[in-house]
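Working from the sequences, and respecting the hints, build out all of it.
Below, each chain spelled out in residue letters.
Number of protein chains: 2
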Amino acid sequence: MKIRVLTIILCCFYAFSFSQEDESVLKTIYTTSLTNGMSYQWLDHLSNQIGGRLSGSKNAELAVQYTKAELEKLGLDKVWLQPVMVPKWVRGEKETAYIVTANKDHKINQDVNICALGGSVATPKDGITANVIEINTYKDLELLGEEKIKGKIVFINRSWNQELVSTFQAYGGCASERYNGAAEAAKYGAVGMIVRSLSSRQDDYPHTGSMSYGDLPVEKRIPSAAISTNDAVKLSDALKENKDLKFHFKQSCQQFEDVLSYNVIGEITGSEFPNEYIIVGGHLDSWDLGDGAHDDGAGVVQSMDVLRLLKESGITPKRSIRVVLFMNEENGLRGGRKYAEVAKEKNEKHVFALESDAGGFTPRGFSFDCSDLMFSKIEAWRPLFKPYLIHYFEKGGSGADIGPLKNDDIVLAGLRPDSQRYFDHHHAANDTFEHVNKRELELGAATMTALVFLVDKYGTETITNIKEIKD
Amino acid sequence: MKIRVLTIILCCFYAFSFSQEDESVLKTIYTTSLTNGMSYQWLDHLSNQIGGRLSGSKNAELAVQYTKAELEKLGLDKVWLQPVMVPKWVRGEKETAYIVTANKDHKINQDVNICALGGSVATPKDGITANVIEINTYKDLELLGEEKIKGKIVFINRSWNQELVSTFQAYGGCASERYNGAAEAAKYGAVGMIVRSLSSRQDDYPHTGSMSYGDLPVEKRIPSAAISTNDAVKLSDALKENKDLKFHFKQSCQQFEDVLSYNVIGEITGSEFPNEYIIVGGHLDSWDLGDGAHDDGAGVVQSMDVLRLLKESGITPKRSIRVVLFMNEENGLRGGRKYAEVAKEKNEKHVFALESDAGGFTPRGFSFDCSDLMFSKIEAWRPLFKPYLIHYFEKGGSGADIGPLKNDDIVLAGLRPDSQRYFDHHHAANDTFEHVNKRELELGAATMTALVFLVDKYGTETITNIKEIKD
Numbered sequence: 001m002k003i004r005v006l007t008i009i010l011c012c013f014y015a016f017s018f019s020q021e022d023e024s025v026l027k028t029i030y031t032t033s034l035t036n037g038m039s040y041q042w043l044d045h046l047s048n049q050i051g052g053r054l055s056g057s058k059n060a061e062l063a064v065q066y067t068k069a070e071l072e073k074l075g076l077d078k079v080w081l082q083p084v085m086v087p088k089w090v091r092g093e094k095e096t097a098y099i100v101t102a103n104k105d106h107k108i109n110q111d112v113n114i115c116a117l118g119g120s121v122a123t124p125k126d127g128i129t130a131n132v133i134e135i136n137t138y139k140d141l142e143l144l145g146e147e148k149i150k151g152k153i154v155f156i157n158r159s160w161n162q163e164l165v166s167t168f169q170a171y172g173g174c175a176s177e178r179y180n181g182a183a184e185a186a187k188y189g190a191v192g193m194i195v196r197s198l199s200s201r202q203d204d205y206p207h208t209g210s211m212s213y214g215d216l217p218v219e220k221r222i223p224s225a226a227i228s229t230n231d232a233v234k235l236s237d238a239l240k241e242n243k244d245l246k247f248h249f250k251q252s253c254q255q256f257e258d259v260l261s262y263n264v265i266g267e268i269t270g271s272e273f274p275n276e277y278i279i280v281g282g283h284l285d286s287w288d289l290g291d292g293a294h295d296d297g298a299g300v301v302q303s304m305d306v307l308r309l310l311k312e313s314g315i316t317p318k319r320s321i322r323v324v325l326f327m328n329e330e331n332g333l334r335g336g337r338k339y340a341e342v343a344k345e346k347n348e349k350h351v352f353a354l355e356s357d358a359g360g361f362t363p364r365g366f367s368f369d370c371s372d373l374m375f376s377k378i379e380a381w382r383p384l385f386k387p388y389l390i391h392y393f394e395k396g397g398s399g400a401d402i403g404p405l406k407n408d409d410i411v412l413a414g415l416r417p418d419s420q421r422y423f424d425h426h427h428a429a430n431d432t433f434e435h436v437n438k439r440e441l442e443l444g445a446a447t448m449t450a451l452v453f454l455v456d457k458y459g460t461e462t463i464t465n466i467k468e469i470k471d
Numbered sequence: 001m002k003i004r005v006l007t008i009i010l011c012c013f014y015a016f017s018f019s020q021e022d023e024s025v026l027k028t029i030y031t032t033s034l035t036n037g038m039s040y041q042w043l044d045h046l047s048n049q050i051g052g053r054l055s056g057s058k059n060a061e062l063a064v065q066y067t068k069a070e071l072e073k074l075g076l077d078k079v080w081l082q083p084v085m086v087p088k089w090v091r092g093e094k095e096t097a098y099i100v101t102a103n104k105d106h107k108i109n110q111d112v113n114i115c116a117l118g119g120s121v122a123t124p125k126d127g128i129t130a131n132v133i134e135i136n137t138y139k140d141l142e143l144l145g146e147e148k149i150k151g152k153i154v155f156i157n158r159s160w161n162q163e164l165v166s167t168f169q170a171y172g173g174c175a176s177e178r179y180n181g182a183a184e185a186a187k188y189g190a191v192g193m194i195v196r197s198l199s200s201r202q203d204d205y206p207h208t209g210s211m212s213y214g215d216l217p218v219e220k221r222i223p224s225a226a227i228s229t230n231d232a233v234k235l236s237d238a239l240k241e242n243k244d245l246k247f248h249f250k251q252s253c254q255q256f257e258d259v260l261s262y263n264v265i266g267e268i269t270g271s272e273f274p275n276e277y278i279i280v281g282g283h284l285d286s287w288d289l290g291d292g293a294h295d296d297g298a299g300v301v302q303s304m305d306v307l308r309l310l311k312e313s314g315i316t317p318k319r320s321i322r323v324v325l326f327m328n329e330e331n332g333l334r335g336g337r338k339y340a341e342v343a344k345e346k347n348e349k350h351v352f353a354l355e356s357d358a359g360g361f362t363p364r365g366f367s368f369d370c371s372d373l374m375f376s377k378i379e380a381w382r383p384l385f386k387p388y389l390i391h392y393f394e395k396g397g398s399g400a401d402i403g404p405l406k407n408d409d410i411v412l413a414g415l416r417p418d419s420q421r422y423f424d425h426h427h428a429a430n431d432t433f434e435h436v437n438k439r440e441l442e443l444g445a446a447t448m449t450a451l452v453f454l455v456d457k458y459g460t461e462t463i464t465n466i467k468e469i470k471d
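Those protein sequences? They're chains Z and G, same order as listed. Position 138 of the first sequence, counting from 1, maps to 138 under the UniProt record's numbering, and the rest follow consecutively. Position 93 of the second sequence, counting from 1, maps to 93 under the UniProt record's numbering, and the rest follow consecutively.
Be a bit skeptical, because a hint or two may be false.
Pairs involving identical chains hold if they fit within one copy or between any two copies, as the list cannot separate such chains.
To be verified - SDA-like mimics (lysine to any residue), calculated; alpha carbons at most 20 Å apart, straight line:
id, residue 1, residue 2
1, Lys386, Phe375
2, Lys318, Ser376
3, Lys187, Glu434
4, Lys88, Gly51
Worth flagging that the hints you see were computed from the coordinates, not collected in a lab. These figures come from a predicted structure and were not determined experimentally.
This is the structure we're talking about:
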């Protein structure tokens, strides 16, 4: 028994050590990305020539065509489109909203900035005007009961937890208010739901995002929107002065039948193990308010550049390396599910998947969804990344699109860029190209490429070995 | 002998270990900064109500008054101004410059963006128009010789080394072109010097900065300016087409007599060792083109907040903690020199000095200028900072203003924020408040406070002990 354990450990160290040659390869990868990267140029096109790419939209279609054409220029072994049916939701006219306040002489309407949540129904043509009940979380609805809610607009004013260093953790703390708020409020007879924008910043941008009515019948669905953080404060203050004020909002969004769209895939076929797949990706769709530059144009162009940087750095992968540009992460995850479904059907052995979907900011490292043993081996590569100020190697989540690939054999990973500014822009009109820094984006692409290079070179066979020994 | 070494090592471990209580203090410090920090509000005033604060200017005076008044509100034990004579250089009217090109029919003037370098002389009233000779570094002047340079404008077009992950290293690679270029070019009879802006970005902003004529007699001094990176490319391309083109530039800057200004100092007097000083600071002056928000408004407000955050977190320092807002870092370092001079005169024992002068970006850690032994002890605190994603503890430089305090006993340190965006803004008109992220700034203030807390609690006595044993 002892001998067996020793063998495993030795085998692991052998499999995951690294050489001076690796240091030099990483240097080449980073230098190439910083001096001859394509990610920034691609992102410029995706953001400024195409723009927001909501699933089912014309722009999403243009983005499919553009990225496919760009991948085809790279001399990969294969580039193809993987069909997937996606939901089609359309915002319609720009939303309007105001707080109706009145003094003894006349009504005053104070305009506020809102946007419909993705998937919401429209208001009646002339909008909704109703009293407002402010709560902190949809869980408060039960305490209040139907009597206090019926006929009103529920305003969920849950504030961002600024104490948390990880802004993703703070986001996680409010996301269900946006996602479930309308369905829950509707159950108590609310006529509309307004949620404070999920943003780390006080400003005038409303932030959209997906919501769900769950199993609520169509006739019971109520319109829901996000209000900017500044206007959430304004509305809350106004309610403190006059709890009987009325709020008006109008939106004309519509849900259509599903439409055909695509995941865009490119592959360098492995020279030794062509049937082992390593994938790297981001999602091609985005919300419609901004250009989707950080979410997730950045992840798309970085992933595309991984394959290009491998080639430019003279690396011939042993395993098949795929870039997968997933469609419909934002409001359905259909692309991620489709890719995993097809991979399973074809019995493709995926050993590693890496997603970049946390913005094009300075990379800090990765989080890994894998066994402790596997993680301890990956951690041994950490010193290789230190010259590039990549220190963060932790266990944790990976990415929504690659989640459906999860099984006991695959290692899932997510690029972890600096998160401080991400939710200033996330799902809002200011998620635009000028907020992406070229060097930060390129450092991310290089960091991803370096990890893919190491995984390809050293494989993930230790897991398999150990499983075999166990079996 | 062996026993003595062991004693030293044990003593060091004792002195620098940390406790669970420290973890909880750091948590309080970070939470307070992120939820109740003052740095962002102070920076808003400094940037938007005052603006660029070049030494000797009205704005510099306003900044002295404002920060003194704000420190006085904090209930510190002492707040005072330390007089220091500073240079006064004034830019005058906005500079103009163009490339004179001509085709057979008519002259065409292509406007370009330049700014005078700090300390430069003016051009004659109508500007200078002359042929241009492009070089990569002022060291090329010697190879060319007077014959090829005389009567021309020397254009030093040294490009930024994008390969380097540390942008400060890339800056260091070109800084002497800006600083020495004019003096060197003048020796060979040049009539003007134009340097490519020291910036990591391709854009239209010229970046100023200090230059020196060394011991060049006044009558030999030639005007010098920085040209934006986009226009450096434009000029270089134009020269490739026509090496005989002329370049015109006009600037009306002036150097005046030195004027009286101040370092602003606040102190919490130590409860146990009032005669041991820990200082934390940034520089109050800035260049005149932008608001000096990152350089170094950020360092100023973070340093002010260190003393406030200590108080708000209920910490009673054992040693005297001073915030020092240095005047004239940008074009003279008079404030830093004055502070060290007075400290020496008064025989004040300074044990630790920390400067923040690298922008208000996400903090990555610190660099320390101290002995290896001391550094290994400080490094033992690293785990305390990990929850805040502070990983970088390295030996290296600290800050220009605290440099004059250097001796064998003091530990000097510099806050090291993420450097990728710093030189997009440094010394340019786009160094403005809107480019500073609130959370990034506040994380920096908290990180500085945490280090000051630990240094104060555990002291730097190991160094002294070791010295005593050696003696």
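Here's how the hints hold up against the structure:
1. Lys386 <-> Phe375: Classified as both; 17 Å inside a copy, 18 Å across copies.
2. Lys318 <-> Ser376: Cα proximity of Lys318 and Ser376: none, with 23 Å in one copy and 42 Å across.
3. Lys187 <-> Glu434: neither (42 Å within a copy, 43 Å between copies)
4. Lys88 <-> Gly51: within (17 Å within a copy, 48 Å between copies)
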